[in-house]
Each structure stands twice: as C-alpha cells, then as structure tokens.
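2 protein chains.
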Amino acid sequence: MPLVLGAAVEQAQVLLALFIMIAAAKVMAEIFERMKQPAVVGEILAGVIIGPSVLGWVQPSEIIGIVAEIGVIFLLFMVGLETKPQSILRVGKKAFLVGTLGVILPFIAGYLIAMAWDGSFVEAMFIGAALVATSVGITARVLGGLGLLDKRTSKIILGAAVIDDILGLIILSIVSAVSTGKVNYVELGKTALLAIGFTALVATIGSHAMKRLAPRVAVLKLDKPFFNTGLILCLGLSVASMYVGVAAIIGAFLAGMALAEPTEENHGMHKLTSGVTEFLVPFFLVNIGMQLNLAVFKEWEVVALAVVITFFACITKFIGCGLGAWGLSRREMAQVGVGMIPRGEVGIVVAQIGLGLAVITDKFFAAVLFMAVATTLIAPPLIKHFFAEDTNKDGISDPFEEHDVSEEFTRIG
Amino acid sequence: MPLVLGAAVEQAQVLLALFIMIAAAKVMAEIFERMKQPAVVGEILAGVIIGPSVLGWVQPSEIIGIVAEIGVIFLLFMVGLETKPQSILRVGKKAFLVGTLGVILPFIAGYLIAMAWDGSFVEAMFIGAALVATSVGITARVLGGLGLLDKRTSKIILGAAVIDDILGLIILSIVSAVSTGKVNYVELGKTALLAIGFTALVATIGSHAMKRLAPRVAVLKLDKPFFNTGLILCLGLSVASMYVGVAAIIGAFLAGMALAEPTEENHGMHKLTSGVTEFLVPFFLVNIGMQLNLAVFKEWEVVALAVVITFFACITKFIGCGLGAWGLSRREMAQVGVGMIPRGEVGIVVAQIGLGLAVITDKFFAAVLFMAVATTLIAPPLIKHFFAEDTNKDGISDPFEEHDVSEEFTRIG
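As you go down the protein sequences, you meet chains A and B in turn. When we follow my numbering, the leftmost residue of the first sequence carries the number 262, and every step to the right adds one. When we follow my numbering, the leftmost residue of the second sequence carries the number 262, and every step to the right adds one.
Just chain A, with the same shape it has in the complex (with noise of 0.2 Å):
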C-alpha cells in the first residue's frame, strides 16, 4: 500500500523493530558459532545490546511479546516432533523427582533470600515462586543445536520440564491467592486437577490418535498436508493450554510429540517447520535480552541481591535436578542438573504478576529479572561442556551449527 499515514506508521515501526531484532540475532549467532560459542547466548545478547540496556533502538512491545511466543511455541513443538511419546514415558518416574526437586529447592531458597533481605513473607513466596520455572526452551535450543535431543538425559529434562510447569502453575496459585488473601481450596484443587488431566490426556491420547489418523495423510505423500494438520494442532493445543492454566509450550511440545510418530520419515514437515523456527524463535531470545534494563544497577544493594539470587538460582536447580536423577552416573546427573538452569521468560512472567499484584518492590523486580536473563546466559556453555563428550561426529568441529534432519537429507538428495 502506498504512502506511511495513519496505520501504516505503526506498521513501519513494528516491522522495523522486527527488523533489527532478527537481523541482531543473526549476526550476534553468527559471531558467536565462529568463535565457537552458543548461538543462543548470542542472540539473548543481541537483545540486551538493542533493548533499553544499552542502544534503545527497540522496546519490548505486547505486538513483540506475542511474536516471541508464538516463536518459543514453535520451538518446542519442533523439539516434540523428535520425540517419542514412549521415550519420555520410560524415563517417567526419573522425570518427575527431577521436576519436583528441582521446583522445591529453589522455591525454599527464593523464600529464605527474601526473608534475610527484608521482604514480606508474600513478596518472598512471590520470589520462591519466581525461582521455580524452568525455561525449558533454552536447553532445547542447546540441545537440538548439539543434536542430542535423542539422549536419555535430554528426555529426562523435557519430562522434568513439564512436571517443572505444573507444579510452577500450582505453586503460583497459592502464592497469589495468599497475596490476595483469598485461598480456596477448591479452585487450587481445581486448577491442579485440571492441568494434570489436560497434560497427562494430551500426552497419552494425542499419539494414539495422531497414528490412527495419519495413514490417511501419508498415503498422497505430500508435505503439506501433514505440516498444515501439526499448525492446527501446534497452535490449538498452545491455546488449550494457556485456558488450562499450564504453558503454551507444554501444548505445543504435547502437539509436536503426538505427531513424532507418524511424521517420523517425513522430513518435508522437519523442513517447513524449521523454516518457521528460524525465522520466529530469534524474537524469542531477543526479547529475553531486551527484558533487562540495566539502568537500574545502579545502587549497590540491588546488585548485590541480583548476584545472590542468581547463584542460589543456579546452584539449587543444579543439586535438586542432578539428585533427582540418583542413580544415573554424576556425568549424566550434571547434565540434567545444568539442562534445568535457564529460567528465561518464566521467571520474568512471574515477577512481573508481583509486580502486577503489588506485593513485590522493585528492587526484588530487578534482582529477578537479572536472574532470569542471567540464568540463561550462564546456562548454555555449561550445557555444552557437560555434553562435550557426547556430541555427534558433526558436533566435535562446531557443535552449535543447527542440527537438521533434512539438511543432511538434501545434500544426499
């Protein structure tokens, strides 16, 4: 259309903060891939050097709120695509005493630094709460760049990741009730049913009747069809679940696992989605970055919390995970101890309900946000050295370089 007027003017501006958000990320991975770092940690960067730390060229938006997601939600239905319903279910009762130790040592930790640094005992449930939620989408990231996504740990931690959620969900309830002062029982109840219901049917129908369902499909052996059925599916199980209370990325890695299966040979459907993941997830890791403002370290006592709240973040997440997968080797408990680190937009979320709700200062605001970045930076290079050993031929050389079923398909072809 011609001519920037009216609506258009908003249009350009959006666009051009999409612009250079990706083309930020872009570059920063590239840079880091060739100095054989994370690219994750790259493109977080690239957010906090564009955002309101440092040049201000772009601030966080609803509009770039929305794309971020819909960039994660594709991320983990991506990673749900490579895994196998019963792969996760065999590791089941490993993933559940990770996900649960993993959520109750930090929350007593977030508890405990808030108690000790003068907090309210609502503003430090706020604050336990916020230490929970593993940002499991980071660790996929890793992962899959490494091409390790098949691993036993790797199944350990997406387990873990939506046991993580569940109990983040019920542990917010209550936390917000109380700072309501509103508890009911029922409604807790309710909710935590219902997020365990919804979970536990997607999880065990939704590949049932995904490979009743696809031979239909798979007999035109077209792309397309299956890839349009899986963005229904992706985005409609997303939806489904913000309603129910959990992630929408739990939906969207429940849509991608039931179709794992019956897509297992189709690598057409590997490739659109990826087309769609590289393009849509650098939003959601720039957004990351361009959470943090780092104009307000400028007191002393705020950066110190930050720093504290940071490594205890860091350090219970890491013991509780790594004991909670006992009997593993101490590699393979590490491995899962670091996977579960990055807290990512989830801890951000629930600060900023805090925030929303008044029961949390700014300062707790501040030393949050910095953890839920800070967390994910940390993360990836310790996820690579951990798995260093493990990594595929393609992996030793440069093992960020994006893992891609049909990359090595085409060269073949």
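Keep in mind that a hint or two might mislead.
No copy labels: a pair is met if it fits in one copy or bridges any two.
Stated by the list, open to error - Simulated pairs of lysine-lysine, DSSO-like, Cα-Cα distance not exceeding 27 Å:
| id | residue 1 | residue 2 |
| --- | --- | --- |
| 1 | 412 | 485 |
| 2 | 354 | 451 |
| 3 | 297 | 485 |
| 4 | 451 | 297 |
Note that these hints are calculated values from the structure, not bench results.
Got chain A; can you put chain B on it based on the hints?
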C-alpha cells in the same frame, strides 16, 4: 508460563484468534480444493465467516494486521525468489503500459461514479485513488499455485504491479495533499523520485550484489545461511520500502528477486521459505475477509453503490490492463487483464486514510470495502479460467494444489 493472568490473558486471546483464523483458513482451503475451486477464495471466505459479518469470533486488530502484513511480505518474497530480474526487464515496456493504463481508467471511473453519486470533489478523488492499486499478492498466490509464475503474462503482471504501486503512491500523495488543501509540488516531486529511484536502484543493483556475495555462502552448501540472509534482506527491504513510501511487499518482492539467481539450485531455501508462507499467508487472506462487515448493507443505496463500484473496478482494470498488453494474443491480453483485478488490502487502506482525513462518508467507505473484498473473490476463478489451458500436467486435475519446487524434489530424493 503458568496461570493466565495479567498480560498473559491478552496473549491467550491473541493466540486464540490466530488459532481460529488458521484452522478456519486451512479447512476452507481444503473444502474449496476438493470442489476444484481456488483455495484463496476459501481462505478469504473463512475470514468473512469468522469475522464481524457472520460469527464475530475474531475482530480485526492491530496485532492481527501486523501478522497478516508479515504474511503477504513473505508471499511476495517467495514469488520474487521464482522471478529472475531479466525476465521482468524483458517485458518492461509492456508492464509499464499495463500498469499505467490500469491506473488511469479505474481512477477516472471511480471519480465519475462518486461525482455522479453526489460525492464532493475530494471524496471523488479518494474513491478514484482507492480503485487504483492492485493487490498483486492474490494473483501471485493463484499463479504460484498453478505453477505459472514462469509465463510471460505472469511477468507482465508482476512488473505492472510494481509500476501500479508507484503510480498509486503518487496519486494518493496528490489526493491527500488536495484534501488538506496543502499541495506542495516540491514535496510531491521528492516523494515520486524517491519511490522510483529506490525501486530502480534495488531492482538493478540488488541481483548483481547478491550474485557476488552468494558464491561465498554457496561453498558451504548449507540452506540456513542462505535462508538467514534472505530473512534479513526481505524484512530490511520491506521496511525500507515503507519508509520510502511504496508498499512493503514491493521491497519483499525485490529482495526475493535479488536472490532468485543465486538460490536457483537451492531447494532448501524454497522449502524453508514455504514453511513460513504456509503458516503466515492464511492470516493475510483471512484478514482481508474479516475487514468486511455485511451489517452496513442494510440500506439499498449502499448495496447499489457497492455493486456499481465493484463492477467498474473490475471492468476498467480488465480493459485498461488488457489494452496495455496490446500486441499479445487476445487470450494473453485477457490473462493480464484479470490478473490485475484484485484490490485486496490496498483499496481498504486508501479508503481508511480517506476516513481518517474525514473526507469520505460512511456509505462510500462501505462500498469501497465491499469492492476490495469482492474483486479479490471474483478474480481467482477468472484467472483460473483464462489460464486454464496453460496449466502444467499437475495443474489440470487439481490446479490449486500448492505448487512447490522442493515438493517434487523431495519425492525424487
């Protein structure tokens, strides 16, 4: 993130809207394909059905508008990827004539209808301007689906759409200036020169620059560096176009065209891009349908006006553009004529600007809106009809099945 609270409520609502849009679009596309009708028509009708006209499940919004815009940007990028610059230059003169005549006739028709219908002078100018600009996305989608983007008439249509958009910009600039009473000829000249200069520069230099750069990336034989370059170029030129004053899709088309030769053998690039278009283009089509609100057609006068404007919008484009292609066979002249009929989002935006400047009355706005959606629905069957005998082997049985280079490739592989 757990719990639908605060900002998450809005996110959940937007995701729900996007889910409804894509599910409705894909289902309607499937139904229309089985009835041997153009899928685009199904997708636009899906928008009419779920939009304010019928069910009211989804309302047009700024966020949906942005997603739709990104969709049509990638659609034109994809079309550009299949269009070599020389092939457009070869039909340059003809495209120029088609574009110019296809602008003059509809403008005059719109102006005269509005004057005859008791419109003011400024209003008549706006109605004329709203009838000018072709929405090439619709035609590109249909021709791409038929696998006919290689045809001479397709090249003429694409070239003419670029001319059309630049002339549309100039006309809209003049009309807007007249309506505010501040006609500044120097400014108008600058706008026109900038638009023409930018387009000419990118069109001529873009491909050469990419051909120089491409071999460096080509050594790696990887799809993703190519695709990432494409993403940055596509969004970058789209944004630049908007700031220059021409449509974002012109920039996206030029970006694709610049990469058409370097990526000719790169099927992965096409596949990755088509993953994005499969996901995002439906939002563009559904959004067009959603703009229509049938409730305004309670008065017979509005209905009559809408029908008259739509009729002349079709006939003047058909004759104007057909005559511009003088020298070709009558069949080809008709192909060019019908290819330029759809107005889609462009006419709507012009009318919205007029409404924003308070120079267009509601009845004219409703009529133009109807015209924009109606021409978009009328054109695809006509295009199908006039191109029918030219469709390739795949095309005859089910011509609107997605044409996809890498689809065949995958089957061979």
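Treating 27 Å as the Cα threshold, decide for residue 297 and residue 485: within, between, both or neither. Between copies only: 18 Å across, 36 Å inside.
Is it within, between, both, or neither for residue 354 and residue 451, if the alpha carbons may be no more than 27 Å apart? Classified as within: same-chain Cα gap 24 Å, cross-chain 70 Å, threshold 27 Å.
Copy assignment of residue 412 with residue 485, given that the CA separation must stay at most 27 Å: between (29 Å within a copy, 25 Å between copies)
When no copy is named, should residue 451 and residue 297 be tagged within, between, both, or neither for a Cα gap of at most 27 Å? Neither: 48 Å inside a copy, 48 Å across copies.
Checked against the numbered hints given earlier, this structure breaks only hint 4.
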